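J.: For reference, the chains in residue letters:
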Amino acid sequence: MDIDFTVHERAFRDEVRAYLRDHLPDEFAQRIAQGKRLSKDHQVQWMRTLNQQGWLAPGWPVEFGGTGWTEVQKHIFDEECFAAGAPKVVSFGLKMVAPVIIKFGTPEQKARFLPRILSCDDWWCQGYSEPGAGSDLSSLKTRAVREGEHYRVNGQKTWTTLAHYADWMFCLVRTDPEARQQQGISFLLIDMKTPGITVRPIITLDGEHEVNEVFFDNVRVPVANLVGQENQGWTCAKYLLTHERTSIGGIAQNKALLGRLKRIASQELRNGVPLIEEPMFRAQIAEVEIQLMAAEMSSLRTLAAVSGGGVPGAESSFLKIRGTEIRQAITYLISKAVGPYAMPFIEDELGYGEEPLLYTDYSSAATYQYLDARKASIYGGANEIQKNIIAKMILEL
Amino acid sequence: MDFKLNDEQLMLQDTVARLVRDTYGFEQREHFRQSEHGFSTAFMQQLADLGLCAVPFAEAYGGFGGSGVETMLIMTELGRGLCLEPFLHSVIFAGGLVSQLGTEAQKAELLPQLATGTLQMAVAVDEPQSHYQLHDVQTVAQPVAGGWTLNGRKSVVVAGQSAGLILVSARTGQGVRDEQGVSLFLLDPQARGVCRRAFATMDGRMACEVYLEDVFVDSSAILGEVGHALSALRYQQGRCIAAQCAEAVGSMEAACQLTHDYLKTRQQFGQPIGKFQALQHRMVDMRIELDQATSMTLLAACVADQQDSDQRNRVLAAAKFIVSRASRFVADQGIQLHGGIGLTWEYVLSHHAKHLLMVARQFGDDDHHLQAYARLLQVA
Numbered sequence: 001m002d003i004d005f006t007v008h009e010r011a012f013r014d015e016v017r018a019y020l021r022d023h024l025p026d027e028f029a030q031r032i033a034q035g036k037r038l039s040k041d042h043q044v045q046w047m048r049t050l051n052q053q054g055w056l057a058p059g060w061p062v063e064f065g066g067t068g069w070t071e072v073q074k075h076i077f078d079e080e081c082f083a084a085g086a087p088k089v090v091s092f093g094l095k096m097v098a099p100v101i102i103k104f105g106t107p108e109q110k111a112r113f114l115p116r117i118l119s120c121d122d123w124w125c126q127g128y129s130e131p132g133a134g135s136d137l138s139s140l141k142t143r144a145v146r147e148g149e150h151y152r153v154n155g156q157k158t159w160t161t162l163a164h165y166a167d168w169m170f171c172l173v174r175t176d177p178e179a180r181q182q183q184g185i186s187f188l189l190i191d192m193k194t195p196g197i198t199v200r201p202i203i204t205l206d207g208e209h210e211v212n213e214v215f216f217d218n219v220r221v222p223v224a225n226l227v228g229q230e231n232q233g234w235t236c237a238k239y240l241l242t243h244e245r246t247s248i249g250g251i252a253q254n255k256a257l258l259g260r261l262k263r264i265a266s267q268e269l270r271n272g273v274p275l276i277e278e279p280m281f282r283a284q285i286a287e288v289e290i291q292l293m294a295a296e297m298s299s300l301r302t303l304a305a306v307s308g309g310g311v312p313g314a315e316s317s318f319l320k321i322r323g324t325e326i327r328q329a330i331t332y333l334i335s336k337a338v339g340p341y342a343m344p345f346i347e348d349e350l351g352y353g354e355e356p357l358l359y360t361d362y363s364s365a366a367t368y369q370y371l372d373a374r375k376a377s378i379y380g381g382a383n384e385i386q387k388n389i390i391a392k393m394i395l396e397l
Numbered sequence: 001m002d003f004k005l006n007d008e009q010l011m012l013q014d015t016v017a018r019l020v021r022d023t024y025g026f027e028q029r030e031h032f033r034q035s036e037h038g039f040s041t042a043f044m045q046q047l048a049d050l051g052l053c054a055v056p057f058a059e060a061y062g063g064f065g066g067s068g069v070e071t072m073l074i075m076t077e078l079g080r081g082l083c084l085e086p087f088l089h090s091v092i093f094a095g096g097l098v099s100q101l102g103t104e105a106q107k108a109e110l111l112p113q114l115a116t117g118t119l120q121m122a123v124a125v126d127e128p129q130s131h132y133q134l135h136d137v138q139t140v141a142q143p144v145a146g147g148w149t150l151n152g153r154k155s156v157v158v159a160g161q162s163a164g165l166i167l168v169s170a171r172t173g174q175g176v177r178d179e180q181g182v183s184l185f186l187l188d189p190q191a192r193g194v195c196r197r198a199f200a201t202m203d204g205r206m207a208c209e210v211y212l213e214d215v216f217v218d219s220s221a222i223l224g225e226v227g228h229a230l231s232a233l234r235y236q237q238g239r240c241i242a243a244q245c246a247e248a249v250g251s252m253e254a255a256c257q258l259t260h261d262y263l264k265t266r267q268q269f270g271q272p273i274g275k276f277q278a279l280q281h282r283m284v285d286m287r288i289e290l291d292q293a294t295s296m297t298l299l300a301a302c303v304a305d306q307q308d309s310d311q312r313n314r315v316l317a318a319a320k321f322i323v324s325r326a327s328r329f330v331a332d333q334g335i336q337l338h339g340g341i342g343l344t345w346e347y348v349l350s351h352h353a354k355h356l357l358m359v360a361r362q363f364g365d366d367d368h369h370l371q372a373y374a375r376l377l378q379v380a
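Chains A and B supply the protein sequences, listed in that same order. Taking UniProt numbering, I'd label the letters of the first sequence as residues 1 to 397. Taking UniProt numbering, I'd label the letters of the second sequence as residues 1 to 380.
Derived by calculation from the structure, the hints in this document are not laboratory data. Everything numeric in this text was worked out from a predicted model, so none of it was measured. Check before you lean on any hint, since a few could be wrong.
The calculated DSSO-like cross-link candidates involving lysine-lysine, where the alpha carbons are at most 27 Å apart (straight line), are [claimed, not checked]:
no.: 1; chain 1: B; residue 1: K275; chain 2: A; residue 2: K392
no.: 2; chain 1: B; residue 1: K4; chain 2: A; residue 2: K74
no.: 3; chain 1: A; residue 1: K88; chain 2: A; residue 2: K103
no.: 4; chain 1: B; residue 1: K4; chain 2: A; residue 2: K255
no.: 5; chain 1: A; residue 1: K95; chain 2: A; residue 2: K255
no.: 6; chain 1: A; residue 1: K88; chain 2: A; residue 2: K110
no.: 7; chain 1: A; residue 1: K238; chain 2: A; residue 2: K88
no.: 8; chain 1: A; residue 1: K238; chain 2: B; residue 2: K275
no.: 9; chain 1: A; residue 1: K40; chain 2: A; residue 2: K110
no.: 10; chain 1: A; residue 1: K255; chain 2: A; residue 2: K40
no.: 11; chain 1: A; residue 1: K141; chain 2: A; residue 2: K392
no.: 12; chain 1: A; residue 1: K103; chain 2: A; residue 2: K141
no.: 13; chain 1: A; residue 1: K74; chain 2: A; residue 2: K40
no.: 14; chain 1: A; residue 1: K238; chain 2: A; residue 2: K103
no.: 15; chain 1: B; residue 1: K264; chain 2: A; residue 2: K392
With the rest of the complex left out, here is chain A (with noise of 0.2 Å):
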């Protein structure tokens, strides 16, 4: 047993912060590092930068775009790119789309789609959730009728995020009513330009415009666009939950978070004295970093006993709970320590506006971040949903 890191993954780590130091645009990780919004162009930019490097897919196989890291060096990967304020990768088509079309896709169906999530010439969004179908989410009902070659889609999705810049969806759909709830589900490819497609947005709480609905009336889907068997999507959709669940555990984005929350705390004044010095505020900084420290471990020991390229499996819950946990603990702390300049909403300054800040650039998003991250509990199931899955099977209660 050796908790350091080798000679080779300290070198590793020197390699992409040198990258990073070449590659990553000021502009960008000043505005991330001010928690700020990120323009679709400016994504799809840093992506393209990643990609030409060879390191957008670390999680996927060599002989499709992967990098062939282990477990530590994707760690560590992430460490460095969220530390140097580098734009987060969208993780719809490369984290959730791609495992399962490699793992239950066709040859066709791999040529088609892989090279264009590589090259980001392709948006997608997630399908999934819709008005009766939340944390049940087998309980959907987008229906999908087999008509010939293709598949006639009729129903509504939403909280689909960035379905408004997307080009592709990956859509549960039911495909045989009769069947038991999880027995009749099918995993489909849906182009978002076919027509019958409406997308209609939600402004969330923070005055964003990040999810939707989608509505299909009618809409055609080739059969060819049907991944895995038809009535065996969930069997995709369970796989692809482990995958999302594991990187929303974000150990590397709540390091990153408690780094900011430090920088703030540091100038931030009660007394005449920075925060950070004050024993109160830096009791509960302690404290969360000595959570996130812990959980850290967890991953790395979970991510260990999977290495060799496999997958977590319900032990992916226990680090999704804690790990958002974490995050709104941090973005809790952030909005805490700017006093009542958490208050001001003002939209510009989290976007691309030009007027003079009305206070800090690190004040702007404090209350924008952590309620942005009370979504992290409710996404990829609940966590009390965690908890079920936990209790199911792992206890085998």
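Start from chain A and add chain B according to the hints.
T.: Chain B alone, transformed into the frame defined by chain A:
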């Protein structure tokens, strides 16, 4: 980075686990608890005969030169069996202090005895006012011809009543809470002026208060340099924290297993109570706490024997914080999920609960270590 145990470590783990399983059933434990010393001297001897007491010591003194990981493996199994023997206080704590501070003569005399189980030691560092602060020492050692005279009171010295030698911290200079001026003495508990009041602890061990009234100790009884024992005390307490975390993890694993089994068998409203979501989630919360505690225990074991540094001290404080909180959670929820049976003496869960609740009461509680961590917090 590598989390795998090597073959020797796996064998060590298996040896201890088997020994504990074979000799430490709950009824035997009750028998040991009520015996003269409050633990089984025969079991302690077995540990020594298997070489386990020699694990942490240098080879030159009959040891195996084991690291924090080996200690962790042993302590986890001792915790699982709720073993009462003072392995932690005698072998790890006292033995560690002797190794770090002792003269060649002291090491050559004491370490082989600890390794072979012919000597049991204890460490007396707490005082009524000290509240886990190792530098808050009011016991005084005054220089006299040929040695020192000790006066003062030492609190809750675990296994002190059965110890052949007790290591006592005493002030040889400076003010009450000064970092300098703390010394360590090897005290023969039979010496004139030493009074021990023995008592049982909540978690089934034996401890004592030590009252020192004009106790003469020879000048050869000082361990380390006069007035400079504090950093070694802190360092060795750090090793104890790592070991104690492992003991707690063993106990938590047992408590979680008992609770898990109970949820599957106990019937209410016509079904096993484990079918109820409120109880399932609580059980999951226990497992999450255990998982976090296990991670920090591993980390602590890996730094325990490293050179003293802020990073080592941060990890140990963090580990103690996480494990103290987790221990209390598992104890409380383990009782709650069991209902009334969890509160009975005859059911082993209650003894795990008591042990887990006492984890925070030695070597500093969660507040103490959160404060310690906050002091060492890296600001940028």
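J.: Sort out which numbered hints this structure fails and list those numbers smallest first.
T.: Every hint satisfied by this model.
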